[in-house]
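Sequence lines, in order, name chains W and Z. The first sequence runs contiguously to residue 244 in this note's numbering. The second sequence runs contiguously to residue 88 in this note's numbering.
Note that these hints are calculated values from the structure, not bench results. Possibly wrong hints are sitting among the right ones.
Unchecked claim - Over 12 Å on every C-beta distance to chain Z, these chain W residues come out as not near it, computed from the model: (1) 5; (2) 9; (3) 39; (4) 57; (5) 60; (6) 82; (7) 87; (8) 90; (9) 99; (10) 123; (11) 128; (12) 136; (13) 153; (14) 213.
Stated by the list, open to error - Which chain W residues face chain Z? A few, computed with CB under 10 Å, are given here: (15) 21; (16) 61; (17) 72; (18) 73; (19) 76; (20) 88; (21) 126; (22) 174; (23) 224; (24) 227.
As the list claims (entries may be wrong) - Simulated DEER-style distance windows between Cβ atoms: (25) 98/W with 86/Z: 34 to 42 Å; (26) 86/Z with 128/W: 23 to 31 Å; (27) 58/Z with 215/W: 45 to 53 Å; (28) 43/W with 83/Z: 27 to 35 Å.
Note that beta-carbon positions come from the ideal geometry of N, C-alpha and C, so glycine has one too.
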Amino acid sequence: MIRIAAVGDVHLDEDVVGRFRPALEELPDCADVLLLAGDLTRHGTEAEARCVAREFGDLGVPVITVLGNHDHQCDQVPQVVKVLQDAGITVLEGTGTVLEFPGGRLGVAGVKGFGGGFAGRCASDFGEPEMKAFVRTTTESADALGRALRGLDCDLLVALTHYSPVPETLAGEPLEIYPFLGCYQLGQAIDSAPTALALHGHAHHGTERGTTPGGVRVRNVAHPVIKQAYSVFHLGDREHVDSA
Amino acid sequence: MTEQGTGPPDEYVEAEIHRMLVEDPDVAEQGITVAHRERGLVLSGEVESPHRREEILRRVSERFPDVPVTSDIGVIRTQAPSQVEELP
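Next comes chain W alone, as it looks inside the complex (with noise of 0.2 Å):
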């Protein structure tokens, strides 16, 4: 059994520096990695990603992370990340690891996502060039999260997404948004592995859980839906993963 700890949308600046702190000083009691699904900041500079690193770095557990798309907004990704793995946080997109605990080696895959919408209500590749870059951000970076999935040997898979695979976790949000706040092809990228959970962030008014098409658990552990530091999922080691 792998212990693993989850929250996203933290978005840190000053004013919330040390709001998390007492809840992670326990953190390394109750689970053997953190991972963030995502808007670790509020406008993404350099400055608030500096917070970030003091708030969660030096845990005592690896912490993973995912950037959101409020990291994205003031285009200073590249120092975002500097700033992050300076202070030993993964970052992956499109990429993934693997950590070995006691209780086996965990493989966390992860990407951002964009939105889209879900089967059968979804932005389609057609038309005008906007909409075609649209979605085919939406593609790639799906098309992305399955190839780090797949090239993974461990014996847990965990896919860390900002933007959702299933609609199931964004109940309460209004329907009219859904297609920016996630898409179906995160879930088939989920499903094109033996992925064991799925954590995801993005959607504050949505709901904890959720199921793939394929039967992959999925979890919105976004700081507002979680209502609490993080989320602690005990997960099971009966199925060997082996990619190869």
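Once you've looked at the hints, dock chain Z against the given chain W.
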């Protein structure tokens, strides 16, 4: 044109406030709902600090001084979890 001060806020005011809450760099909140009620607008949702809640109200009141606004915005708790979810 939006009509202010002479009646209930119209949909354009709601839309403008909603966009301002996201696009104003001093706010940048995507999770605030703007609902039209009989006596004005109600802002609801949750933010990460009391400062952000105050800033939202200040910006909306500044921009729309004639629109009666009620706040029902909470600050998200950050306590450690008391339970875990078992996923065998």
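Report task. Against the earlier hints, flag every one the structure doesn't satisfy and list their numbers going up. Result -> 1, 2, 3, 16, 17, 19, 20, 21, 25, 26
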